[in-house]
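2 protein chains.
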Amino acid sequence: MLQYQALDQAFMALSDPTRRAMVERLSLGPASVSDLAGPLPMSMSAVAQHLKVLEASGLVVSEKVGRVRTCRVEPQALSAAEHWLNERRRTAEQRLDRLGALLAEPEDKETP
Amino acid sequence: MLQYQALDQAFMALSDPTRRAMVERLSLGPASVSDLAGPLPMSMSAVAQHLKVLEASGLVVSEKVGRVRTCRVEPQALSAAEHWLNERRRTAEQRLDRLGALLAEPEDKETP
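As you go down the protein sequences, you meet chains A and B in turn.
If you use the numbering used here, the first sequence corresponds to residues 1 to 112, in order.
If you use the numbering used here, the second sequence corresponds to residues 1001 to 1112, in order.
Don't read these hints as lab results, they were simulated from the structure.
Even glycine gets a Cβ: it sits at the ideal position worked out from N, Cα and C.
Keep in mind that the hints are not guaranteed to be accurate.
[Said to hold, decoys possible] With the Cβ distance kept under 8 Å, some of the chain A side facing chain B (calculated, not the full set):
| # | residue |
| --- | --- |
| 1 | Y4 |
| 2 | S15 |
| 3 | V23 |
| 4 | E24 |
| 5 | R88 |
| 6 | E93 |
Construct the entire structure; sequences and hints are all you get.
Next comes the structure, spelled out in structure tokens:
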């Protein structure tokens, strides 16, 4: 998967509050699909659909042992999306800081 | 806008490579809609549609002075999405670190 496609899918997966709740739960530790579905006000098949989107994005991986599918979050995939946001925010803030410093300079310094 | 709705819209806005390219450009400084459209292989009206999504999410704000609409990125909105990811990633990593430390402990320590 190309890097920009991975970001497309990660951000898309995170744009839904149910899927964010699932990632939040899995950040505390692996869980079965039933565990994930427990607190959610929806059918097991709706949860399975959300899980598919999370797995396609790489944010969550799951493994079936016997009859139980166990899911876990993939910190590196969270990190890739976080890194993209961090870079843009820092660039924007640094620019604003430089602008602020420039505006704070005494006027006689502007035309040396 | 409730916090979870703001996150829905921010992550949704960022799930498109064109909109990420627009945010990337705006992190370098404000730009007119024409400036934003310049490097993008699409019509001005398609760019305007993407801009609408970015503005609805709060990631971008724009202001029209005379005939020129100038857009800028909102670092705080980037920060909210970044913060959500950062919290989940750190929780997941800390859990893995504790698990690693536990597995590295000598066996005789486990049953004192």
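Cross-check of the supplied hints:
Given hint, Y4 of chain A at the interface with chain B, holds; its Cβ is 5 Å from that chain's nearest Cβ, closer than 8 Å. About 4 Å separates the beta-carbon of S15 of chain A from the nearest beta-carbon of chain B, less than 8 Å, and the hint is met. Restraint check, V23 of chain A versus chain B: the minimum CB separation of about 6 Å is within 8 Å; hint holds. The interface hint given for E24 of chain A holds, since its Cβ lies 6 Å from the closest Cβ of chain B, which is under the 8 Å cut-off.
Of the supplied interface hints, the one on R88 of chain A holds, with its beta-carbon coming within about 4 Å of a beta-carbon of chain B, less than 8 Å. Hint status for E93 of chain A: holds, given a least beta-carbon distance of 5 Å to chain B, under 8 Å.
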